[in-house]
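*Asks:* Single-letter residue listing:
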Amino acid sequence: MGPQHPSTHGVLRLVLELDGEVITKITPHIGYLHRGIEKLSEYRTYHQILPLTDRLDYLAPMSNNLGYILAVEKLMAVEVPERAETIRIIMAELTRLESHLVWIACHALDIGAMTVFIYAFRERETVMEIYELISGARMTSNFFRVGGLSQDVPDEFAKKVGDFVDVMPGYLDQYEGLLTTNPIWLKRTVGNGVISAEDAVDFGVTGPALRGSGVDWDLRRDNPYSGYDKYQFQIPVGENCDTFDRYKVRLIEMREACKIVRQALDRLKPGPVLADCPQVCYPPKENVYNSIEGLIHHFKIASEGFPAPEGEVYQGVEAPKGELGFYIVSDGGNKPERLRIRPPSFINLQAIEKMCLGSMVADLVAVIGTLDIVLGEIDR
Amino acid sequence: MAENNRAVIKLKEKFTSSIINIVEFRGEVTVTVAKDAIIDILSFLKQSLQYNLLTDLTAIDYLGKKEDRFMMVYLLYSIPNKDRLRIKTVVSEVDCCVPSATQVWRTANWLEREVYDLFGITFDKHPDLRRILMTDDWIGHPLRKDYPLQGPDRDPYKGRLS
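Residue numbers (the numbering used here), protein chains in the order written: chain A, 1 to 380; chain B, 1 to 162.
No lab work stands behind these hints, which were simulated from the structure alone.
All C-beta atoms in this analysis are idealised placements derived from N, C-alpha and C, irrespective of residue type, glycine included.
Certain hints may be false.
Covered stretches of chain A (in silico footprint by chain B; criterion: 3 or more residues with CB under 8 angstroms from a CB of chain B, positions within the stretch not fixed) [claimed, not checked]:
{"#": "1", "stretch": "114 to 125"}
{"#": "2", "stretch": "131 to 139"}
{"#": "3", "stretch": "167 to 177"}
{"#": "4", "stretch": "310 to 319"}
{"#": "5", "stretch": "323 to 329"}
{"#": "6", "stretch": "333 to 341"}
Computed from the model, here is a short list of chain B residues facing chain A with C-beta under 7 angstroms [to be verified]:
{"#": "7", "residue": "Arg26"}
{"#": "8", "residue": "Lys82"}
{"#": "9", "residue": "Leu133"}
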């Protein structure tokens, strides 16, 4: 099955051994999209690595940016201004919405519900427009910077985001109306792809897939970063460990994401969006254009970067797919000695054999959808 | 401080002779241990101290910077206690083989395959040690420091010629 199968979300190849329609062995073949991002990172300064992270999980670029930036900020001990943190949270949650919208669209399409696909991509378009509004790009945003953001958001940002999170719950009701009580959807998802909580932890499964198996664990609440401890939100947890519960968990997560964005918009106060830390951060653009010192400063940071203290840090964030981690080992130079990315999709995909052995080929399609994998992140 | 870490206290009691050093940086504790005790220590941490999630497993190549070339890194997380611990072990180039952690966590299967693929470190008693990201007939291990960035048999990129 694959690498050109429509349900394999890119270039995943699964070698299946079948007994009639029943799967007896699965051998996943990955690596078709391997670009050596970890190797490339060893040859780039800390600021230059950021655009590479957009290309990991390309359906959730801001989450990848956030994980990497937080790891570098931990290494450099940089304090981020509050406005920047709040905008980061807004964007991280919008990214979660966007990623889950693509998930529900493709997952439903794989199982035969095409309407949901069209609807979800309509809402996703609004998120893409917000991306474009603030960063100029629809997917590879490259918007965050070490110490804050690349620039402040335009004035219409708050209104556009606010309007979106106001209407989004209504759209979620629409999807639920199409799916939650749909007999075909229930037949395809209830009792499909079961993985117990013990097995899920043993396989290192994280994110909505782990919560669907009843493990109440979310990094945003349990190891808060970027000021998540100031927000009120629920962590949905499933009971039956199957595809339907993972579907429910993700839908509630989308509703909670809307609430977090609403709270963040209320907290959004004017202020600086970049830390005052000239050794590490880029200067504000008006200084670069209007003073020779600013230009020199920009040139130094862009060409040489900054030396990081010797040591190693790990930062995990709750990305839409699970725990996305960046482990940076610094030898004191301006480039990392080693940058390791902990890709949630890669580790979640490993559980596919556990979830599918003994089930039908058609159920495998539902499991690939429910794992919500992105090959850009698996292969790096 | 690192001395007050719950895992460090227990490890010091039980594996005194195997601990090489303990470092704390930015609030993260790293314990370097001897290679022959690695599986005992990992199972002890999982069984007795509830480090039930193997977050990540990777390697670092210190070619020309340290006496022993490789370092294996295990990032552990405890879901009940919500804390992290990093265990490292030194691997020399001559004896480039580490006992497999697949007997402790099944997560380790693909992660060790990746380390084997990209660093060339082999794992003793691994159930399925094949390349994972590179093709089966690939020669060399790309994340090694002596592997050229542009790949084998190609001149290094020197910038645009025009």
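*Asks:* Now tell me if each hint is right for this structure.
*Replies:* Now for the hints, and whether the structure bears them out:
As drawn, the stretch 114 to 125 of chain A meets chain B at 0 residues by the rule of a beta-carbon pair under 8 angstroms; below three, the given contact is violated. Counting residues of the stretch 131 to 139 of chain A whose beta carbon lies closer than 8 angstroms to any beta carbon of chain B gives 0, which falls short of the minimum of three for the stated coverage. For the stretch 167 to 177 of chain A, the stated coverage by chain B is violated: 0 residues have a C-beta nearer than 8 angstroms to a C-beta of that chain, whereas at least 3 were required. Check on the stretch 310 to 319 of chain A: 5 of its residues sit with their Cβ under 8 angstroms from a Cβ of chain B, so the three-residue criterion for coverage holds.
Residues of the stretch 323 to 329 of chain A with a Cβ under 8 angstroms from some Cβ of chain B number 4, which satisfies the need for three, so the listed coverage holds. Beta-carbon proximity to chain B at under 8 angstroms applies to 3 residues in the stretch 333 to 341 of chain A; the threshold of 3 is reached and the given coverage holds. For arginine 26(B), the shortest C-beta to C-beta distance to chain A is roughly 5 angstroms, which falls under 7 angstroms, so the interface hint holds. Here the hint on lysine 82(B) is kept, as its CB sits about 5 angstroms from the closest CB of chain A, short of 7 angstroms.
Taking 7 angstroms as the C-beta cut-off, the interface hint given for leucine 133(B) holds, the closest approach to chain A being about 4 angstroms.
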